[in-house]
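A.B. asks: Okay, here's what each chain looks like letter by letter:
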Amino acid sequence: MAGQLIPITLTVNGTTCRSEVPPHLTLLEFLRDTLNLTGSKRCCGEGECGACTAIMNGEAVNTCLILAAEADGSDLITVEGLSAMPYGARLQQTFLDQGAVQCGFCTPGMVVAAQYLLMNNPDPTPDEIREGLSGNLCRCTGYARIVEAVMGAAGDE
Amino acid sequence: MSALHYARPESLADAIAILEQYGPGARVLNGGTDLMVRFQKMQVTPEAIVDIKRVRDMSDAIVWDGDSVTIGARVVMTRLIRDERIRRRYPALVDAASTVGSIQIRNRATLAGNICNASPAADTVPPLLVHGATVQLVGSSGSRETPLDGFFLAPGKTARAPDELLVSITIPPHRSPYGAAFGRLTRRHGVDLASINMACAIDAERAVTFAFGAVGPTPITVKDTSGALADHTVSDAQRDAALQALIARTSPISDVRASAAYRSAMLLVIGRRVLAQAQQRRADFDARE
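Those sequence lines, one after another, are chains A and B. For what it's worth, the numbering used here labels the leading residue of the first sequence as 1, then goes sequentially. For what it's worth, the numbering used here labels the leading residue of the second sequence as 1, then goes sequentially.
One or more of the hints may lead you astray.
Among chain A residues calculated to face chain B with C-beta under 7 Å, some are [said to hold, decoys possible]: (1) Ala69; (2) Glu128; (3) Ser134.
Keep in mind the hints are simulated off the structure, nothing from the lab. Don't be surprised by glycine CBs; every beta carbon is placed ideally from N, CA and C.
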């Protein structure tokens with residue numbers, strides 16, 4: 001049996017993409033290797049670290065735990081599309097201003113998770129920010145500045 | 001690598017036909033937060049992945065029939081947690097669902113998947129057990145409804161046949177006053193499996209039901225009908241003795257998360273807290289309704 005290819009159509013950062021994907025391909029691999037959107041990072045591969053976080057149909061998800069085939073018909077926002085989102089550009093700036101980036105590997109996932117948090121809770125407390133980012137790990141342990149950066153971007157857009 | 005087939009049936013009949021065709025070689029893909037981890041680590045090597053998210057009868061609705069509620073197989077944790085009526089009626093279930101994985105996980109993980117994955121540490125299972133939940137299954141030989149208590153056979157194993165799909169979960173109505181609570185012990189806050197977890201419910205007849213997770217090969221349900229645990233007027237010694245009698249039914253093991261002795265000790269500590277919260281919620285029940 002020749003390898004199966006599944007036709008998919010999805011919207012990524014406002015652009016319609018059509019492709020054919022093998023069954024085992026994850027959405028993260030599709031984003032990185034097929035679409036060359038390498039902002040989303042592969043790290044733990046098991047939904048613990050959040051470095052691959054994207055917003056799918058309005059909800060934050062780990063793209064490493066989704067098959068590309070499952071994403072057929074979905075509307076996806078990755079870190080590359082963030083600046084067009086409410087809070088997106090502001091978050092990018094406050095992360096820079098606060099020095100909330102150390103090695104930078106967790107940063108795309110952090111910013112996307114923060115975007116999702118602010119979409120649902122525009123004025124979070126520090127505790128709510130910590131809870132909102134609890135699915136994202138920073139091995140440099142730079143959390144204090146990350147929380148401050150999100151505080152700085154909060155409020156009405 | 002042998003060929004993997006991805007199927008995305010749109011009807012229950014088609015889904016079941018594919019499950020029948022592949023037998024144990026098929027894996028049901030719902031939210032994928034458990035399956036995809038094991039799939040990528042090659043801990044499971046399915047011949048077919050059956051994505052049931054487009055099956056029309058796999059509902060993502062929460063449907064009330066009087067005071068009974070039926071939760072469709074596609075309902076994710078986040079949806080459950082946000083539902084106002086679920087929050088009011090089943091705070092123990094909401095507390096449990098809120099501890100599953102992370103926000104990203106809860107946006108994908110389903111209640112049905114948490115059940116079918118059959119982890120001894122599944123957080124939403126103890127509250128469902130104390131609420132007396134049933135599950136509805138559909139397979140090639142028809143549909144059936146079975147109590148969740150007894151559905152778990154071993155770690156990762158349920159009474160679901162390979163050609164069956166769990167389509168919904170039903171929680172029966174509870175006569176007032178009723179109160180329930182959930183508790184768990186973890187090594188860190190967030191994205192950790194429970195070292196132990198439990199739920200407690202106190203019904204109108206003062207019967208107290210506990211369900212314990214991660215302290216045996218399957219979650220277990222135990223009942224105290226003596227009335228000794230139903231209210232806070234009993235002495236601490238009486239309460240602890242009654243709790244210990246229930247805890248004696250567990251069989252914790254030592255593993256990476258906790259030793260057997262620590263688990264046993266913590267069953268009493270968390271048990272007291274969960275019991276007190278269930279008592280409080282039962283006392284508040286009428287005021288809330």
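A.B. asks: Each hint needs a verdict: does it hold in this structure or not?
C.D. replies: How the hints compare with the structure:
Interface restraint check: A:Ala69 against chain B, minimum CB-CB distance 5 Å, threshold 7 Å, status holds. The closest approach between the C-beta of A:Glu128 and any C-beta of chain B is roughly 11 Å, which is over the 7 Å cut-off, so the hint fails. With 7 Å as the threshold, the beta carbon of A:Ser134 comes within range of chain B, its nearest partner Cβ sitting at about 4 Å, so the hint holds.
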